[in-house]
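Trainee: Each chain is listed here by its residues.
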Amino acid sequence: MSLLEIQNLKTYFHTRAGTTRAVDDVSFSLEKGEIVGVVGESGSGKSVTCHSILGLLPQPPAKIEGGVVTFDGDELLDMPPPLLRAIRGKRISMVFQDPMSCLNPYLTILDQVAEPILIHEEVTKEEAEQRAIEMMKKVGIRDAEKRARSYPHEFSGGMRQRAMIAMALVTNPDVLLADEPTTALDVTVQARILRLLRDLRDDLGVGVIFVSHDLGVIAEVADRVVVMYQGKVVEQGEVLSIFENPSHPYVKGLLACRPTFETKFRILPTVDDFLDTEEAEDGSITIIERPDVGKRLADLERESETNEADGSDLPDVLLEVTDLKVHFSSGGGFFGKPHEVVKAVDGVNLTARRGQTLGLVGESGCGKTTIGRAILRLVKPTGGSILYDGTKLLEVPPNESLSYRKRMQIIFQDPYASLNPRLTIEQALIEPMTVHGLGADRHERRDRVVALLEEVGLSASHLLRYPHEFSGGQRQRLCVARALALEPEFIVCDECVSAMDVSVQAQVLNLLRELQEKRDLTYLFISHDLSVVKFMSDEVAVMEAGQIVEQGSAEELYRNPKKTYTQELLDAVPRGDLESLQARFKG
Amino acid sequence: MLRFIANRFLQGIIVLIALYTITFFLIKAMPGDPFTGEKNIAEETKELMREKYGLNDSVFTQYFLYLKNVFTEGSLGISTSKAHSVNEMIGQSFPVSCVLGITALLIAIAVGVPLGVASAVRQNSWIDYSSMAWAMIGICVPAFTVGPILQIFLAMKLPLFNVAGWSSPRDVVLPAITLGLVTTAYIARLTRSGMLEILSQDYIRTAHAKGLPISRVVMKHALRGGLLPAVAYIGPAFAALISGSFIVETIFQVPGMGQHFVNATKARDPFLLQGVVLFFGLLIVIMNLAADILTGLLNPRVRLTQE
Numbered sequence: 001m002s003l004l005e006i007q008n009l010k011t012y013f014h015t016r017a018g019t020t021r022a023v024d025d026v027s028f029s030l031e032k033g034e035i036v037g038v039v040g041e042s043g044s045g046k047s048v049t050c051h052s053i054l055g056l057l058p059q060p061p062a063k064i065e066g067g068v069v070t071f072d073g074d075e076l077l078d079m080p081p082p083l084l085r086a087i088r089g090k091r092i093s094m095v096f097q098d099p100m101s102c103l104n105p106y107l108t109i110l111d112q113v114a115e116p117i118l119i120h121e122e123v124t125k126e127e128a129e130q131r132a133i134e135m136m137k138k139v140g141i142r143d144a145e146k147r148a149r150s151y152p153h154e155f156s157g158g159m160r161q162r163a164m165i166a167m168a169l170v171t172n173p174d175v176l177l178a179d180e181p182t183t184a185l186d187v188t189v190q191a192r193i194l195r196l197l198r199d200l201r202d203d204l205g206v207g208v209i210f211v212s213h214d215l216g217v218i219a220e221v222a223d224r225v226v227v228m229y230q231g232k233v234v235e236q237g238e239v240l241s242i243f244e245n246p247s248h249p250y251v252k253g254l255l256a257c258r259p260t261f262e263t264k265f266r267i268l269p270t271v272d273d274f275l276d277t278e279e280a281e282d283g284s285i286t287i288i289e290r291p292d293v294g295k296r297l298a299d300l301e302r303e304s305e306t307n308e309a310d311g312s313d314l315p316d317v318l319l320e321v322t323d324l325k326v327h328f329s330s331g332g333g334f335f336g337k338p339h340e341v342v343k344a345v346d347g348v349n350l351t352a353r354r355g356q357t358l359g360l361v362g363e364s365g366c367g368k369t370t371i372g373r374a375i376l377r378l379v380k381p382t383g384g385s386i387l388y389d390g391t392k393l394l395e396v397p398p399n400e401s402l403s404y405r406k407r408m409q410i411i412f413q414d415p416y417a418s419l420n421p422r423l424t425i426e427q428a429l430i431e432p433m434t435v436h437g438l439g440a441d442r443h444e445r446r447d448r449v450v451a452l453l454e455e456v457g458l459s460a461s462h463l464l465r466y467p468h469e470f471s472g473g474q475r476q477r478l479c480v481a482r483a484l485a486l487e488p489e490f491i492v493c494d495e496c497v498s499a500m501d502v503s504v505q506a507q508v509l510n511l512l513r514e515l516q517e518k519r520d521l522t523y524l525f526i527s528h529d530l531s532v533v534k535f536m537s538d539e540v541a542v543m544e545a546g547q548i549v550e551q552g553s554a555e556e557l558y559r560n561p562k563k564t565y566t567q568e569l570l571d572a573v574p575r576g577d578l579e580s581l582q583a584r585f586k587g
Numbered sequence: 001m002l003r004f005i006a007n008r009f010l011q012g013i014i015v016l017i018a019l020y021t022i023t024f025f026l027i028k029a030m031p032g033d034p035f036t037g038e039k040n041i042a043e044e045t046k047e048l049m050r051e052k053y054g055l056n057d058s059v060f061t062q063y064f065l066y067l068k069n070v071f072t073e074g075s076l077g078i079s080t081s082k083a084h085s086v087n088e089m090i091g092q093s094f095p096v097s098c099v100l101g102i103t104a105l106l107i108a109i110a111v112g113v114p115l116g117v118a119s120a121v122r123q124n125s126w127i128d129y130s131s132m133a134w135a136m137i138g139i140c141v142p143a144f145t146v147g148p149i150l151q152i153f154l155a156m157k158l159p160l161f162n163v164a165g166w167s168s169p170r171d172v173v174l175p176a177i178t179l180g181l182v183t184t185a186y187i188a189r190l191t192r193s194g195m196l197e198i199l200s201q202d203y204i205r206t207a208h209a210k211g212l213p214i215s216r217v218v219m220k221h222a223l224r225g226g227l228l229p230a231v232a233y234i235g236p237a238f239a240a241l242i243s244g245s246f247i248v249e250t251i252f253q254v255p256g257m258g259q260h261f262v263n264a265t266k267a268r269d270p271f272l273l274q275g276v277v278l279f280f281g282l283l284i285v286i287m288n289l290a291a292d293i294l295t296g297l298l299n300p301r302v303r304l305t306q307e
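Taken in order, these protein sequences are the chains called A and B.
Numbered according to the numbering used here, the first sequence terminates at residue 587, and the numbering increases by one at each position without gaps.
Numbered according to the numbering used here, the second sequence terminates at residue 307, and the numbering increases by one at each position without gaps.
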């Protein structure tokens, strides 16, 4: 018998809007010392499955409608709360996605890591704290004795996630439920956490359910994989065999639509190229494989070949950033200590050519977003110069800067936060045109808005809707449309696909590509995701701690990185391709 | 921390000077002077009195002279209506108001916080609805209704307390309940909303996932953060409570400070009014500082060294 067995689990959400089958007849199992990856996009039910196992869902609106979860012979779903509490945190522990919001900001790290021992075992506080510190050392928190009494906000993101893992493992549980444990982390930190999880599995024999939206991560860490789609398990099996030979159309689509270092497509295939869904009246969904998948892929491939640039003559330079510095001061005050200066951007040189994409990669906090904002003059640079189409931007007097703002636009990471929830789409898109005096009257502007919406794959019927009525991918299309409303020639894409599922990400990337070719746009494409940057960019600049480490053509930089930092970043990216998987299992 | 307190202390002085300036000129803008209404006093006597109190000096001399006396001697002047030193008058009435206010605040915290916590933990249950209904009543019903009702039921029908007066420790109870009712209601509502916000945080789910019993989740993981909105409110509310309430003092015949605010205005007594307003301002500054320090102790992310 398996250590943890989930059979026909059904968790529905009953709301006024109707019933959502978040988890619909899910079955899989976990053995001792095994890592099972659960993969799917947001809303596929993977987190809800995890939460259902430990009874952590707020009920109502959630309700477990059926199924059996057996752990070591005991049924968990009907267990009385006191008995279930004795298992939670003791024999089955959980690690959550966002280590900042999931650690209590009012208690010290040590308090929180030692708490499960104090609750579940008869030990003294000193003993519990001693064990907590030992576990913190084991998961790689340096100077654990000294730092244990810090508060979560005094830890970096990676250290917080380690503290979460230490907290989960401190009672030597049999099962670890890890819900997107590395999603909020930088690739290098992620790589270390994944290695840590594998080591802990080997040392302690703990069984891990590893939930992620990222197939690449799953390929790095899991033994078996369970693919979920719209509340159902669509495929499960050994990770190697699924990558080698996926049978379900959704899995095939998922594998094809993530850009990797080896992607040859100019336009990415999307999940929709592979499957169609039919919704029955009772809300259940049937997935049908498209019959013409092969032809569609062949078309995409042919298109990629014809659009291959010859690369002989380079287009002229549109933007040249020289020795850009942005320093922020913190501290100070009436009696305060002298100002501390944070050098967010410290002497950066960049060049972007007309009609091309300059990719900017780096880990969080390296200053890449600040560069984008400084170029658009959303933050004031401390020094340096920005030459845009022959004009020194920083010397343009404020009353003339409006015409440059029209030519340079930005798309932000979170499309929901960057659309005013109280403006209709029509209002949101007309506003920039009014400010810049584009279009003769309201009717003409409205016609332009309709044209823009159609260009980004939406339609005139969306005009009067509000942002919350759209999906994440549609909202980002709206932000693209808003940026295009002024017919700019230069767009800063600041982590603009980072919060998206791979299938939606592929659609938005394709849209950006298409618009670039049609309108001869120049992009500054900022992202922490090296694969996406590789897919999008002609040139790439790598950034670390406010400085550019390396800049060069995308192909060349990824093939022959010259700096160790670039090499480290590249090595840390979960490849999720067949070669690296085969190497992992056979080598 | 010391730097923070020194910083806030300086700010407080600036606030108090601003407060003084505004009240000074507002009082000057009132028609007439302290002696205008005194019909039985001869005009010559009034003139002598004005001379004695310095009311014939130029406005700016008056302004700076009073300020100088406050800073050099701590003197708030002499009341024109009672002919006593304002310091003395505050010295006699403030301890009374202080005892009353502290009792009122303790009642408000002892009742308001548990009500708020219980409402949040059992959101949308009868506990929640009934305690929030009571809180609404506490905010809406004025003291001059609550006071007499308490007098009728707890002093006349059930002779547990004196109807009015300020002679035995028991006399504190009824006015304190009356005075603290609104504060109780606000604390309950603020605690409830603060707790609800904290209870929906991800780290509360983490606490449940550790297998903690609900009582421990609430007491250890939620309460500290949940109390923050109430703490921010309690600071200034406390200053208001201990500086007296004219209505409550009148209903229960308590010789507190609240009477001076009203009497001084009625008598156009510039120094008494100025004195109690400044004293009240000082209390507010101190209590806000105390609330900020308490917030800093409760919330490790707030660093008091930075302004």
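The reader is advised that the hints may include incorrect statements.
Under the rule of at most 25 Å between Cα atoms (straight-line distance), these lysine to any residue pairs were calculated in the SDA-like manner [said to hold, decoys possible]:
no.: 1; chain 1: B; residue 1: Lys220; chain 2: A; residue 2: Glu127
no.: 2; chain 1: A; residue 1: Lys63; chain 2: B; residue 2: Val173
no.: 3; chain 1: B; residue 1: Lys220; chain 2: A; residue 2: Pro80
no.: 4; chain 1: A; residue 1: Lys63; chain 2: B; residue 2: Val121
no.: 5; chain 1: B; residue 1: Lys220; chain 2: A; residue 2: Glu235
Just so you know, the hints here were simulated from the structure itself, not pulled from any lab data.
Computed from a predicted model, the values in this text were never measured in an experiment.
Trainee: Are the hints correct? Go through all of them and say.
Mentor: Okay, the hints, checked on the actual structure:
About 20 Å separates the Cα atoms of Lys220 (chain B) and Glu127 (chain A), which keeps this hinted pair within 25 Å; it holds. A threshold of 25 Å between alpha carbons decides the hint, and for Lys63 (chain A) with Val173 (chain B) the separation of about 50 Å lies outside it, so the pair is violated. Distance restraint check for Lys220 (chain B) and Pro80 (chain A): the Cα-Cα separation of roughly 23 Å lies within the 25 Å cut-off, and the hinted pair is therefore satisfied. For the proposed pair Lys63 (chain A) and Val121 (chain B), the alpha carbon gap of about 20 Å is at most 25 Å, so the pair holds.
A C-alpha spacing of about 43 Å is found between Lys220 (chain B) and Glu235 (chain A), which places the hinted pair above 25 Å, so the restraint is violated.
The structure fails hints 2, 5 (numbered hints given earlier, in ascending order).
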